[in-house]
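Q: Spelled out, the chains give:
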Amino acid sequence: MGSTEPLLTVRDLSVSITVPAGILAAVRSVSFTLDRGETLGIVGESGCGKSMMSMAIMGLLPPHVAVRAETLRFEGMDLLGLPERRMADLRGDRMAMIFQEPMTALNPLLTIGEQLTETYRRHRTAGRREAREKALHLLDRVGIASPERRLGQYPHQLSGGLRQRVMIAMALMCDPDLIIADEPTTALDVTIQAQILALLAELQRESGAAMIFVSHDLGVISRVADKVSVMYAGSEVEGGSTAQVFGAPAHPYTQGLFRCLPNSGLVARGAPLGSIPGVVPSLIGQVSGCMFRPRCALARDACLEAIPTAVVGDGHRARCVAVAAASATATAPQLEVSAP
Amino acid sequence: MTTAYTIQDVAGPSPRTLMWRRITGHVGLMIGLAGLAVVVAVALLAPWLAPHDPYTQDLSRRLVPPVWAEAGSWQNILGTDALGRDYLSRLLYGARVSLLIGFFAALGSGLIGTTLGLLAGYFGGRVDSVVTFLVSARLALPVVLVALAVVSLFGGSLTVVIVVLSLLLWDRFAVVVRSATKQVRANDYIKAARAVGCSTSRILLREVLPNLVSTLAVVGSLEVAHAILLESALSFLGLGVQPPTPSWGLMVAEGKGMIFFDARLVAIPGAAIALLVLCINLIGDGFQDVVAPQGGS
Amino acid sequence: MIRTGDPIMKIRDVTRTFQVSLGMFRGRRPLHALRGITLDIPKGQVMGLVGESGCGKSTLAQILLGLDRPTGGEILFEDRPIADYGRKVFGSRIQPIFQDPYSSLNPRKTVRQLIEMPLVVHGNRDSADRERRVRRMLDLMGMPSRVIDAYPAQMSGGQRQRIAIARALVTEPDVVICDEPTSALDVSVQAQVLNLLMDLRAEFNLTYLFISHDLGVVEHISDRVAVMYLGQIVEEADAETLFRAPAHPYTKALLASILVPDPHRGPPSVPLKAVQPDPMNLPPGCVFHPRCAEAVAACAVTVPEEVTRHGHRARCTMGLPAA
Chain Y
1 MGSTEPLLTV RDLSVSITVP AGILAAVRSV SFTLDRGETL GIVGESGCGK
51 SMMSMAIMGL LPPHVAVRAE TLRFEGMDLL GLPERRMADL RGDRMAMIFQ
101 EPMTALNPLL TIGEQLTETY RRHRTAGRRE AREKALHLLD RVGIASPERR
151 LGQYPHQLSG GLRQRVMIAM ALMCDPDLII ADEPTTALDV TIQAQILALL
201 AELQRESGAA MIFVSHDLGV ISRVADKVSV MYAGSEVEGG STAQVFGAPA
251 HPYTQGLFRC LPNSGLVARG APLGSIPGVV PSLIGQVSGC MFRPRCALAR
301 DACLEAIPTA VVGDGHRARC VAVAAASATA TAPQLEVSAP
Chain E
1 MTTAYTIQDV AGPSPRTLMW RRITGHVGLM IGLAGLAVVV AVALLAPWLA
51 PHDPYTQDLS RRLVPPVWAE AGSWQNILGT DALGRDYLSR LLYGARVSLL
101 IGFFAALGSG LIGTTLGLLA GYFGGRVDSV VTFLVSARLA LPVVLVALAV
151 VSLFGGSLTV VIVVLSLLLW DRFAVVVRSA TKQVRANDYI KAARAVGCST
201 SRILLREVLP NLVSTLAVVG SLEVAHAILL ESALSFLGLG VQPPTPSWGL
251 MVAEGKGMIF FDARLVAIPG AAIALLVLCI NLIGDGFQDV VAPQGGS
Chain R
1 MIRTGDPIMK IRDVTRTFQV SLGMFRGRRP LHALRGITLD IPKGQVMGLV
51 GESGCGKSTL AQILLGLDRP TGGEILFEDR PIADYGRKVF GSRIQPIFQD
101 PYSSLNPRKT VRQLIEMPLV VHGNRDSADR ERRVRRMLDL MGMPSRVIDA
151 YPAQMSGGQR QRIAIARALV TEPDVVICDE PTSALDVSVQ AQVLNLLMDL
201 RAEFNLTYLF ISHDLGVVEH ISDRVAVMYL GQIVEEADAE TLFRAPAHPY
251 TKALLASILV PDPHRGPPSV PLKAVQPDPM NLPPGCVFHP RCAEAVAACA
301 VTVPEEVTRH GHRARCTMGL PAA
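Chains as they are written, first to last, in my numbering: chain Y, 1 to 340; chain E, 1 to 297; chain R, 1 to 323.
A portion of the hints provided could be inaccurate.
No more than 25 angstroms apart at the CA atoms, straight line, and that leaves these computed lysine-lysine pairs for BS3-like [claimed, not checked]:
{"no.": "1", "chain 1": "R", "residue 1": "K10", "chain 2": "R", "residue 2": "K43"}
{"no.": "2", "chain 1": "R", "residue 1": "K88", "chain 2": "R", "residue 2": "K109"}
{"no.": "3", "chain 1": "E", "residue 1": "K191", "chain 2": "R", "residue 2": "K10"}
{"no.": "4", "chain 1": "R", "residue 1": "K252", "chain 2": "R", "residue 2": "K273"}
{"no.": "5", "chain 1": "E", "residue 1": "K191", "chain 2": "R", "residue 2": "K109"}
{"no.": "6", "chain 1": "R", "residue 1": "K109", "chain 2": "R", "residue 2": "K10"}
{"no.": "7", "chain 1": "R", "residue 1": "K109", "chain 2": "E", "residue 2": "K182"}
{"no.": "8", "chain 1": "E", "residue 1": "K191", "chain 2": "R", "residue 2": "K88"}
{"no.": "9", "chain 1": "R", "residue 1": "K88", "chain 2": "R", "residue 2": "K43"}
Hints listed in this document are in silico derivations from the structure and should not be mistaken for laboratory results. Predicted model only: the values in this text are computed from it and were never measured.
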């Protein structure tokens with residue numbers, strides 16, 4: 001393995017579930033790579049497959065969910081080929097997950113201390129003392145005052161913000177190389193959200209871990225991610241560096257999302273917000289062409305056929321017929337972004 | 001209006017259609033319903049189906065064996081009992097008693113239990129404490145002993161048995177309805193109804209109760225089976241329906257003295273009870289399966 | 001008759017105290033959910049109400065809807081105490097829209113039954129008239145009238161929220177209490193519902209109390225904004241002033257937490273100390289001082305008075321910034 005191989009390589013990852021009505025394709029051939037120290041933001045609305053994708057990478061989906069990929073490599077290992085036992089060794093050790101609702105992710109019957117040290121001792125042949133030292137250090141590091149006292153407390157004795165800090169400490173216990181954070185701040189108050197985001201960014205910078213940050217909130221993603229993948233109905237519709245995607249969104253769906261935001265600076269206070277007509281299509285069965293077509297103002301006949309990936313900048317790509325046509329004539333549809 | 005709103009269509013079949021599909025697709029439930037339908041039809045059509053009068057005794061034709069035995073004849077397909085009454089006719093008429101008692105006892109106990117459960121679940125607090133106490137008190141009573149005592153005091157009749165069973169079998173309704181009501185009450189549509197100025201009785205009947213229908217169907221069918229078994233037990237002990245009324249429990253009791261000579265007298269009504277209860281339990285379990293997935297959505 | 005802009009609802013020093021059981025044999029302790037709320041809600045305008053979870057904003061909404069009674073103080077609706085109105089009369093003039101469109105619609109009822117329920121409760125016995133009104137509401141909501149016999153389970157979150165709005169407006173109320181009406185919706189659906197709410201406000205001269213934790217949404221839709229902290233209003237001003245020149249350190253922290261999409265900035269640093277507010281155990285002096293970035297020694301001792309200037313009020317020892 002050369003040192004140039006990315007930490008995580010995902011190529012053509014698909015997740016499908018068999019339901020009574022047919023086959024539900026929740027994720028449709030998504031590809032990306034992730035290096036150490038990098039944060040990938042995955043943004044999309046409910047049902048776009050963003051959570052399914054992170055669960056698939058962690059190997060946390062139940063057996064009846066089919067996960068396929070041309071490549072799913074992490075630290076040179078083929079994750080899809082790994083037996084469940086090896087996968088379980090990786091989880092919590094080399095890759096860790098932070099969930100939206102810490103109350104359901106923490107065991108209500110175990111103290112904070114027991115849960116923190118359990119992870120560590122499961123993966124490291126470490127003594128009780130060493131694990132406890134590490135737990136105290138991390139609780140202190142995630143900004144929890146009097147960590148000694150917190151170790152003996154149960155999850156229900158902590159506030160939502162504190163519980164999320166504990167979750168982060170737990171994820172960091174084994175110094176993972178990859179952190180997957182699925183809507184980690186959605187259940188929190190705004191001030192707490194900002195603090196947790198700052199903490200996550202800082203800890204990641206310190207540890208050099210890679211992070212996949214899943215959120216529905218464009219504002220949150222813009223502040224934490226180095227590169228962004230915008231998902232719609234199971235596919236990536238636009239991807240690129242955060243500056244590219246947020247600076248000049250190319251795909252009609254991404255542009256539509258921005259116009260829906262009340263505080264993006266695109267719409268005056270009190271003026272009607274932009275909206276995306278229609279609803280998310282059914283994910284069941286085969287589809288040809290662009291999933292966004294029924295809601296798209298730029299839809300044309302060509303959208304029914306295979307959708308080209310238009311390259312609109314260095315690493316900035318959009319899966320859209322209209323964008324591909326426009327970039328060929330070098331007049332990409334631009335979204336006016338006025339300064340807020 | 002300045003903004004154009006998107007016209008969106010509703011998706012999928014209505015919940016009723018879905019429910020109907022789940023019911024008709026459930027094998028156990030369909031078997032149970034078919035079996036019950038047969039028993040109900042028999043009970044309703046007994047006067048036309050029965051070859052003989054179930055009360056007419058013919059002491060010259062006592063203990064005639066059924067048609068499949070050597071000495072049997074088509075005149076009495078299931079033979080006759082110790083008093084020479086046609087066993088098939090008594091069996092057909094006996095279905096009436098079992099069903100009447102089963103349904104009315106479940107209905108009566110359902111009314112009591114649902115009312116108490118609704119009040120406890122909706123109001124909580126002191127009302128809840130009182131109802132919880134009543135349920136505990138009721139659970140402390142041994143059903144069969146109390147039923148025996150009451151029936152022996154007031155004499156056994158259809159009405160007495162129904163009333164006694166109604167007063168004894170409401171606990172499961174109360175417990176289940178109470179917890180279901182608590183769940184429903186937490187929904188914002190209850191707040192919305194209160195904010196409009198709905199009366200409490202209207203909220204209970206129009207907003208809460210319709211959401212309990214599936215739960216009630218499950219508990220109700222299980223209680224019907226429960227009541228039928230208890231009636232048989234009471235009749236067997238001679239404290240239920242009084243002779244000469246044909247009742248399956250009573251027929252077992254009357255046949256028990258002959259069990260070593262003519263097992264048919266016990267086996268036929270016994271099997272009828274078992275099959276009916278099995279069908280009703282299949283319906284109850286089926287309902288449970290059919291309504292379960294809806295709880296999640 | 002109250003003119004547009006004059007207060008249609010006056011909340012006067014409202015308090016609400018819950019007795020919280022501490023567990024078996026440990027007795028009860030009071031929890032002061034609302035500690036003297038005074039607020040005028042101007043007719044025909046949108047009053048935004050923000051604050052973190054547990055600050056009492058939902059308790060206030062419950063009281064305004066008549067679902068809960070205040071421990072002290074009074075609420076005037078069109079200058080009469082709300083207790084003077086009959087339950088039904090009041091119910092037809094103040095209506096709620098809730099956060100979760102899955103919980104706010106009875107799954108056993110059709111769209112028609114859901115929307116006409118308030119009419120039936122208020123004694124409208126004319127089914128043809130009710131049907132006409134239901135269809136008109138559906139039309140206003142931008143929904144085709146063929147959904148009239150559909151069940152909530154057949155609809156998306158955004159469609160359900162429109163049905164909930166239709167139910168709230170069918171009695172032609174004056175005031176609508178919107179408790180996080182778009183928090184459960186996706187961004188694109190949220191935009192549609194916000195546009196709808198704004199159009200309806202203009203069309204029917206409605207008054208909204210708009211409760212939300214999303215300051216971006218509140219800034220967009222509100223004419224005035226009140227900020228709550230631990231059961232008190234710590235600042236209130238017209239939206240323009242509050243977002244441009246906030247006076248209270250808590251408001252400043254809230255504004256700093258707004259995450260406008262901006263790839264060139266990282267997560268903001270919020271001027272707040274990491275202390276958990278405990279409504280069961282209020283600190284002395286200013287209740288905000290343990291978290292306040294600008295606190296001075298006096299803040300731990302003196303309870304700040306409310307300072308008002310030109311309709312901008314704040315409850316802080318530092319007072320209002322110089323004009």
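Q: Taking the hints in turn, state whether each one holds.
A: Each hint tested on the structure:
Taking the CA atoms of K10 (chain R) and K43 (chain R), the gap is near 11 angstroms; set against the 25 angstroms cutoff, the hint holds. At most 25 angstroms may separate the alpha-carbon atoms for a hinted pair to count; K88 (chain R) and K109 (chain R) meet this at roughly 22 angstroms. At most 25 angstroms may separate the alpha-carbon atoms for a hinted pair to count; K191 (chain E) and K10 (chain R) meet this at roughly 23 angstroms. At roughly 13 angstroms between alpha-carbon atoms, K252 (chain R) and K273 (chain R) fall within 25 angstroms of each other, so this suggested pair holds.
With a CA separation close to 16 angstroms, the supplied pair K191 (chain E) and K109 (chain R) stays within the 25 angstroms bound. Only pairs whose Cα atoms come within 25 angstroms are accepted, and K109 (chain R) paired with K10 (chain R) is rejected, the gap being roughly 36 angstroms. Among the hinted pairs, K109 (chain R) with K182 (chain E) is consistent with the structure: their alpha-carbon atoms are about 19 angstroms apart, no more than 25 angstroms. The suggested pairing of K191 (chain E) with K88 (chain R) holds, with an alpha-carbon distance near 14 angstroms, which does not exceed 25 angstroms.
As the CA atoms of K88 (chain R) and K43 (chain R) are separated by approximately 21 angstroms, the hinted pair is consistent with the 25 angstroms bound.
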